[in-house]
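Student: Spelled out from the first residue to the last, the chains are:
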Amino acid sequence: MPDSVSASTGPKFGAPLMELSGVSQIFQTKKGERPAVRDVTLTVNAGEVLCLVGESGCGKTTTARMAAGLAKPTQGSVAYNGEDIWGMDKDRFAEFRTAVQYVHQDPYASLNPIRSVFKSVSAPLRKHGLAKNNHQAWEQAAELLRRVDLTPPESYLGKFPHQLSGGQRQRVSVARALSLNPKLIIADESTSMLDVSIRVGMLNMLGRLRDELGVGFIFITHDLAIAKYFGWEGRTAVMYLGRVVEYGPTQQVINDPEHPYTRALLNAVPEPDPDIAAQKLPGGGLRSADIPSLAALPSGCTFHPRCPLFEEGLCDVISPELSLIDSRREVACHVVAREAHRGAPDMPAAVSS
Amino acid sequence: MSDETPILSVKDLVVRYTTGSKSHVDAVRGVSFDLYRGQSLALVGESGCGKTTLGLGLLRLLPRLGSVPSGSLRYVGKNGKTIDVLKLGNAALRRWRWQEAAIVFQGAMNSFNPVLRIGDQMADTMKSHLVDGHRPGKAEILDKSAEMLRAVRLEPNQVLPSYPHELSGGMRQRVLIAMSLLLDPRLLILDEPTTALDILTQRAIVDVLADLRERLGFTMIFITHDLALAAELADRVATMYAGRIIETGSVRDIFSHSRHPYTAGLINAVPPVTRDLPTLASIPGSPPSLATLPAGCAFRDRCSYSDDRCATIDPDLDMIEERLNGLSHAAACLNWKDVKSPREVVAADA
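Protein chains in written order, with the working numbering: chain A, 1 to 353; chain B, 1001 to 1350.
Honestly, the hints are just simulated from the structure, not real lab data.
Worth double-checking, as some hints may not be accurate.
[Claimed, not checked] Coverage of chain B stretches by chain A, computed from C-beta distances (three or more under 8 Å per stretch; other residues unrestricted):
no., stretch
1, 1135-1149
2, 1193-1200
3, 1265-1276
Here the structure is a predicted model, which is why all the values come from computation and not from measurement.
Just so it is clear, CB atoms sit at the ideal spot from N, CA and C, and this is done for glycine as well.
Bound-form chain A, shown alone:
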């Protein structure tokens, strides 16, 4: 682990575990630029959960890939323990890469089908010299499987992915991510392909890792109920077309959303309660159900063609910046910010959830 070294390049004391400052990712395509992520600033502290929520194509995964060092931002900086990851030398970058691990969405695709569980889990241990011989690797792999509730580990180590269920495979992926004692796990829709009951088991297991090992999480999901359950103590960032539109403590963002987009998303979530379900507004209360293309982003606030609070001459002209509307929450919306500063926290009843 990085204890140390020279003052100028080493980890800074008190800096957040992971800090994205104004990062953008603009893809160059034959048909022009596609701004997948624009000017996103987020932080994760040790043992903290940051949930990234939004619809597909909103830039959640691209943001996570930049945080993991899998993609280099076209603008802005990514700092790990206060140190810019793209200014690191080779060794420090390798250290960073072991400390930040990625768990993918599809456990059917992320495990090599011709490798046994033991081989998959122990490969990083051997590669990074954490296990000196096969016997040690076996012991450590068994311990990792115990951590993710695959017990008894002996009955799983020799198996191949096709012999495991989806939930078991995803646990193997997590065990593999844990093998290098990561400080931050990036879970990209890691539970979305699992059955309801298995999903909860998985979330409870991840929550235990967070509490017992102090691992930080960037948790990507399109399911706000899952974000609420897993990220209750942490923070949530709602993304729309490559930008963060609402950012704050999960409890506030989910239970008392301010941005009209967050409100619409929450209103659209099916609720396992017939009484609440009957109160849902059609279309989530939006003016349009279609997501604009990244190739032709609307002017001003990119949400304005769908927004129920749309004000002509303001929202379609000026792009709103994230601004604090109370002590801890940032929202990128002209109307909400104005109302908040006026001291009238309640918005029009159009999209009340």
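Please build the complex by placing chain B on the supplied structure of chain A, with the hints as guidance.
Tutor: For chain B alone, coordinates are given in the frame of chain A:
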């Protein structure tokens, strides 16, 4: 809704897959239910519980290795005549499907021919079936296609000349629903209609379905693993486990007073998005293999209510509250009286 004869009556239906020259697996093991006109029934359960197989079996769309060795399937047609679906010949079956009963498959992309325009695919459907006893003309086909597309809130001029890949996932799903309703079927089966769609898109589909059902009055069976969706779209819910229906009742029965430990467990595993944060628990273990089902109740290894009797008795649906029109609440559990589903709140809504 009335207390007339059910539109679809399923009795002890068994669906069997041949897995070898002498071996077979029963994926649906004796399912019975009556579906009345205008009702919406949700079939819920984890993957591998037989939901989709049952849906395919109802339309006799099983793959070649699947068969229905026993049970009965009766359907009351538009003309009021009762049809024994299992006895229909190929030609009659073809007519029955789509005109009387249609299905929307999971995975909208795979349900289209990628090299044909949407308009042509819709026209093919209408040409290959008789519409009200005659072969439809070009203008009629176009009118009806446009009408159905508008019913699912799509713009016909934009969609009809498009190829499937030019449409978004939500649009494709809506086109599929429009296509399934082209011939005015009275029964519509939807297999995971909103899986893999975004939340707002999913909401749009839910709205369209609720609206269509109100206007066209068809009867609906929808298959889903998402219990929250069932709470939105259904008025009846049937939970399946290991090829059987283990609990059936109205939405309120199932979501507020579920009496089967499996249903209670499933509901307890769904995080709510509004109000307080409850503790959630998963159901331990995994569903049993249908090839080697244990004696007694198939759920007993995962069940916290199980006792000695559960090892020998595989319970039938036991009536809890009897109502008309198939809305009775019944659970296949010996200990249903003890089952409680209290949710413990860990963090109250601020």
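Student: Which numbered hints does this structure break?
Tutor: 1
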